[in-house]
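Visitor: Quick mapping for you: the protein sequence lines, in order, are chains F and R.
Residues 1 to 385 in our numbering are what the first sequence spells out, letter by letter.
Residues 1 to 385 in our numbering are what the second sequence spells out, letter by letter.
Treat each hint with caution, since some may be false.
[What the hints assert, rightly or not] EDC-like mimics (lysine to aspartate or glutamate), calculated; alpha carbons at most 20 angstroms apart, straight line: (1) R:K153 / R:E72; (2) F:K16 / R:D3; (3) F:K43 / F:E66; (4) F:K327 / F:D316; (5) R:K153 / R:E66; (6) F:K23 / R:D330; (7) F:K16 / F:E176; (8) R:K313 / F:E307; (9) F:K295 / F:E176; (10) F:K25 / F:D87; (11) R:K76 / R:D116; (12) R:K23 / F:D3; (13) R:K313 / R:E333; (14) R:K25 / F:E296; (15) R:K76 / R:D87; (16) R:K16 / R:D235; (17) R:K16 / F:D48; (18) F:K42 / F:E66; (19) F:K25 / R:D3; (20) R:K23 / R:D56; (21) R:K23 / R:D48; (22) F:K42 / F:E113; (23) F:K313 / R:E307; (24) F:K313 / F:E333.
Rather than coming from a laboratory, the hints here were simulated on the basis of the structure.
There are 2 protein chains.
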Amino acid sequence: MLDFNFANPTHILFGKGKIAEIKNKIPAKSRVLITYGGGSVKKNGTLDEVLASLSDHTVFEFSGIEPNPTYETLMKAVEMVHTNSIDFLLAVGGGSVIDGTKFIAAAAVFDGEPWDILVQHGAGVRKALPFGSVLTLPATGSEMNSGAVVTRKSLQAKLAFLSPFVFPVFSVLDPEKTYTLPPRQISNGVVDAFVHIVEQYLTYPVNGKVQDRFAEGLLLTLIEEGPKALETPQDYEVRSNLMWVATLALNGLIGAGVPQDWATHMIGHEITARYGLDHAQTLAVILPSVLTVCKEHKREKLLQYAERVWGIKEGDREQRMNAAIDKTRDFFEQMQVKTRLSDYGIGKDSIPLLLEQLQAHGMIALGEHQDITPDVSKKILEYSL
Amino acid sequence: MLDFNFANPTHILFGKGKIAEIKNKIPAKSRVLITYGGGSVKKNGTLDEVLASLSDHTVFEFSGIEPNPTYETLMKAVEMVHTNSIDFLLAVGGGSVIDGTKFIAAAAVFDGEPWDILVQHGAGVRKALPFGSVLTLPATGSEMNSGAVVTRKSLQAKLAFLSPFVFPVFSVLDPEKTYTLPPRQISNGVVDAFVHIVEQYLTYPVNGKVQDRFAEGLLLTLIEEGPKALETPQDYEVRSNLMWVATLALNGLIGAGVPQDWATHMIGHEITARYGLDHAQTLAVILPSVLTVCKEHKREKLLQYAERVWGIKEGDREQRMNAAIDKTRDFFEQMQVKTRLSDYGIGKDSIPLLLEQLQAHGMIALGEHQDITPDVSKKILEYSL
Numbered sequence: 001m002l003d004f005n006f007a008n009p010t011h012i013l014f015g016k017g018k019i020a021e022i023k024n025k026i027p028a029k030s031r032v033l034i035t036y037g038g039g040s041v042k043k044n045g046t047l048d049e050v051l052a053s054l055s056d057h058t059v060f061e062f063s064g065i066e067p068n069p070t071y072e073t074l075m076k077a078v079e080m081v082h083t084n085s086i087d088f089l090l091a092v093g094g095g096s097v098i099d100g101t102k103f104i105a106a107a108a109v110f111d112g113e114p115w116d117i118l119v120q121h122g123a124g125v126r127k128a129l130p131f132g133s134v135l136t137l138p139a140t141g142s143e144m145n146s147g148a149v150v151t152r153k154s155l156q157a158k159l160a161f162l163s164p165f166v167f168p169v170f171s172v173l174d175p176e177k178t179y180t181l182p183p184r185q186i187s188n189g190v191v192d193a194f195v196h197i198v199e200q201y202l203t204y205p206v207n208g209k210v211q212d213r214f215a216e217g218l219l220l221t222l223i224e225e226g227p228k229a230l231e232t233p234q235d236y237e238v239r240s241n242l243m244w245v246a247t248l249a250l251n252g253l254i255g256a257g258v259p260q261d262w263a264t265h266m267i268g269h270e271i272t273a274r275y276g277l278d279h280a281q282t283l284a285v286i287l288p289s290v291l292t293v294c295k296e297h298k299r300e301k302l303l304q305y306a307e308r309v310w311g312i313k314e315g316d317r318e319q320r321m322n323a324a325i326d327k328t329r330d331f332f333e334q335m336q337v338k339t340r341l342s343d344y345g346i347g348k349d350s351i352p353l354l355l356e357q358l359q360a361h362g363m364i365a366l367g368e369h370q371d372i373t374p375d376v377s378k379k380i381l382e383y384s385l
Numbered sequence: 001m002l003d004f005n006f007a008n009p010t011h012i013l014f015g016k017g018k019i020a021e022i023k024n025k026i027p028a029k030s031r032v033l034i035t036y037g038g039g040s041v042k043k044n045g046t047l048d049e050v051l052a053s054l055s056d057h058t059v060f061e062f063s064g065i066e067p068n069p070t071y072e073t074l075m076k077a078v079e080m081v082h083t084n085s086i087d088f089l090l091a092v093g094g095g096s097v098i099d100g101t102k103f104i105a106a107a108a109v110f111d112g113e114p115w116d117i118l119v120q121h122g123a124g125v126r127k128a129l130p131f132g133s134v135l136t137l138p139a140t141g142s143e144m145n146s147g148a149v150v151t152r153k154s155l156q157a158k159l160a161f162l163s164p165f166v167f168p169v170f171s172v173l174d175p176e177k178t179y180t181l182p183p184r185q186i187s188n189g190v191v192d193a194f195v196h197i198v199e200q201y202l203t204y205p206v207n208g209k210v211q212d213r214f215a216e217g218l219l220l221t222l223i224e225e226g227p228k229a230l231e232t233p234q235d236y237e238v239r240s241n242l243m244w245v246a247t248l249a250l251n252g253l254i255g256a257g258v259p260q261d262w263a264t265h266m267i268g269h270e271i272t273a274r275y276g277l278d279h280a281q282t283l284a285v286i287l288p289s290v291l292t293v294c295k296e297h298k299r300e301k302l303l304q305y306a307e308r309v310w311g312i313k314e315g316d317r318e319q320r321m322n323a324a325i326d327k328t329r330d331f332f333e334q335m336q337v338k339t340r341l342s343d344y345g346i347g348k349d350s351i352p353l354l355l356e357q358l359q360a361h362g363m364i365a366l367g368e369h370q371d372i373t374p375d376v377s378k379k380i381l382e383y384s385l
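Could you build all of it, start to finish, from the sequences and the hints given here?
Guide: In structure tokens, the structure reads:
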């Protein structure tokens, strides 16, 4: 096992009706800015439930945080924080709203040009406003981690930052709040969580036995519950398991003490930035290609994955590895997420453009061995057509 | 899945040489009381390493915290805290030292009679001194939870308390620090961690799929690594996995959202209080009896345990359940921990005395269904002879 430091202070409030408890989690005299997206939380009653819980608090609202939240929009919220002396933020939505709120929390008290938070990937963050979240979409894990991804439209750049100051103080996970999600968001959420787990698991063995078992347990649960979430949207048990898996997939625990990859995410971010695909769509396209192109480096873990996650025991090593990659692709397709660039109308002329972007953003040595150079990324993209 | 609230703020510093980092984790102007046990940390160099890291801090020492730490001893440390204006504690040792330090941390600033902390099981605790730990014995999970057990010799009482104020601020887990442990302590630690997991897993199904997979992953790892820890004491990988399993076995995660049992611990505590057996010895005796006597209530989870943890697929339900219980007992024996009261020279005349103690401490409705009445405890004890 590799050495590690691990800490995660976020309080999780899990279950039906837990929104009622948030009034006890936000200091009574706070001036609270509630942040949300396109308004679905307004239509489905979640926002009303939040406002009811905070009826004794001073509350403001900021709406319009988009999927792949933009710097341009978030800076308007930062201005609103300053104008109204806001001292607590509450994100109500999915990963994009929570990610955006993390950026607002850090940028509002940042000593310097806020864009540098992203350029420096969080290194310069020394403080942030406290914030909580009410999660409505199980997917990104943002509700229990300290990372966020923000897009600057004007630069076609999608950059991530990490800082221990942007852990949510609390997050409410009420599985019922996911009942009204469109199927596409459930599909995307399952794929996103699946790929988060794989990026921390399918590297090379370091004898992290617990991390491996936990990752496998999360993957098995997604494989069991994901399709059911599409078939029977109002199954509380299915949604509960999905929600808890997505949170644990990226809260730091399964990645502590093991190598991590993240090449799929980095290449995928460029596809979203350039062509506007959903984040999970890019992952479903890129992951099978990364596993194929990097098969030899990942051999031992791929064989373990084949056996423990997919029950593949027949065939020689090559056959078992290929079968596991095929099963992975089939699972994404079963979840209604297409796995080829061509499925999204993107052809091979995209490749030089995407490689240019990867280079412009310094993504020239990806993967657990930092050996996914632009040449290897090119192969991965060619394999994804 | 059941509703739950979960939070665990403890920072884990895991790996070789991590003791060097504690100087950054304790405020520079703190007056630190280092607490430890019988002196093994002095002999094996761990204490020197701690003192070296804290060479710029003001440091005091309190030694002599015994296995099953006593109220009588801990109150002497509380006095030392007051006399020397201590404002940070650092436990160096195993679960007993850390448990004892939690009590010192709470009692030193408790408004009232400190014994009430235990009588009220922590309900009255409103604050505590901050403290960290350097773990030398993987077993109890105390290094990453908010519970402690303290014995009052004069009353032959062993009581537990829980409070969110007594999470360690940080805990150092350096697997090399376990190399010099006597085999008996490794054996006990593996059994203790195993039973912690089982008490949160082998109840009745609530469809907590992640919790089940995590618990099974921890059990499988203990079964694989436990015997190796006795055979090859200086195997870093084995000790790493053992250490991380024992911490995760009782840090709140696998128990969040599922029923819990704890009858084995409660009955076991009375045996330790009366006859002085090691904590893990009592668990190894009582757990197989609890599983046998409560077999029907635990049927579904016992069958799942049989299949996923022990690979038992042959035979009818009764046979598979019995085989799983036998495997459990065999594992404890393989770990050199005896599983019958008679192995420790305790006969059936002990039963009325132990039942009397259980009743005196209010332990009259144990187990996940609160239906382990004194009559059922009697059966469990008879089965343990």
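Visitor: Would you mind marking each hint as holding or not holding in the structure?
Guide: A quick look at each hint next to the structure:
About 7 angstroms separates the Cα atoms of R:K153 and R:E72, which keeps this hinted pair within 20 angstroms; it holds. As the CA atoms of F:K16 and R:D3 are separated by approximately 7 angstroms, the hinted pair is consistent with the 20 angstroms bound. Restraint check for F:K43 and F:E66: the C-alpha separation of about 17 angstroms stays at or below 20 angstroms, so the hint holds. Simply put, F:K327 and F:D316 have alpha-carbon atoms about 16 angstroms apart, close enough for the 20 angstroms limit, and the pair holds.
Only pairs whose Cα atoms come within 20 angstroms are accepted, and R:K153 paired with R:E66 is accepted, the gap being roughly 12 angstroms. Taking the CA atoms of F:K23 and R:D330, the gap is near 51 angstroms; set against the 20 angstroms cutoff, the hint is violated. For the given pair, F:K16 sits about 7 angstroms from F:E176 by alpha-carbon distance, which is consistent with the 20 angstroms threshold. Of the supplied pair hints, the one linking R:K313 and F:E307 holds, its CA atoms being roughly 18 angstroms apart against a limit of 20 angstroms.
Simply put, F:K295 and F:E176 have alpha-carbon atoms about 40 angstroms apart, too far for the 20 angstroms limit, and the pair is violated. Under the criterion of a C-alpha separation no larger than 20 angstroms, the hint pairing F:K25 with F:D87 is consistent with the structure, at around 14 angstroms. Distance hint between R:K76 and R:D116 is fulfilled; the C-alpha atoms sit about 17 angstroms from each other, no more than 20 angstroms. Between R:K23 and F:D3 the alpha-carbon distance is near 18 angstroms, which keeps this suggested pair within the 20 angstroms criterion.
Proximity of R:K313 to R:E333 is assessed by CA-CA distance (about 23 angstroms); at most 20 angstroms being required, the pair is judged violated. With a C-alpha separation of about 41 angstroms, the suggested pair R:K25 and F:E296 falls outside the 20 angstroms cut-off, and the hint is violated. A threshold of 20 angstroms between alpha carbons decides the hint, and for R:K76 with R:D87 the separation of about 16 angstroms falls inside it, so the pair holds. Between R:K16 and R:D235 the CA atoms are separated by roughly 13 angstroms; this keeps the pair inside 20 angstroms, and the hint holds.
As the CA atoms of R:K16 and F:D48 are separated by approximately 51 angstroms, the hinted pair breaks the 20 angstroms bound. Distance check on the hinted pair: F:K42 and F:E66 sit about 15 angstroms apart at the alpha-carbon level, within 20 angstroms; holds. Taking the CA atoms of F:K25 and R:D3, the gap is near 17 angstroms; set against the 20 angstroms cutoff, the hint holds. For the hint pairing R:K23 with R:D56, the CA-to-CA distance comes to about 8 angstroms; that is within 20 angstroms, so the pair holds.
Pair hint R:K23 plus R:D48 holds up; C-alpha atoms about 13 angstroms apart against a cutoff of 20 angstroms. Among the hinted pairs, F:K42 with F:E113 is inconsistent with the structure: their alpha-carbon atoms are about 33 angstroms apart, more than 20 angstroms. For the hint pairing F:K313 with R:E307, the CA-to-CA distance comes to about 18 angstroms; that is within 20 angstroms, so the pair holds. Only pairs whose Cα atoms come within 20 angstroms are accepted, and F:K313 paired with F:E333 is rejected, the gap being roughly 23 angstroms.
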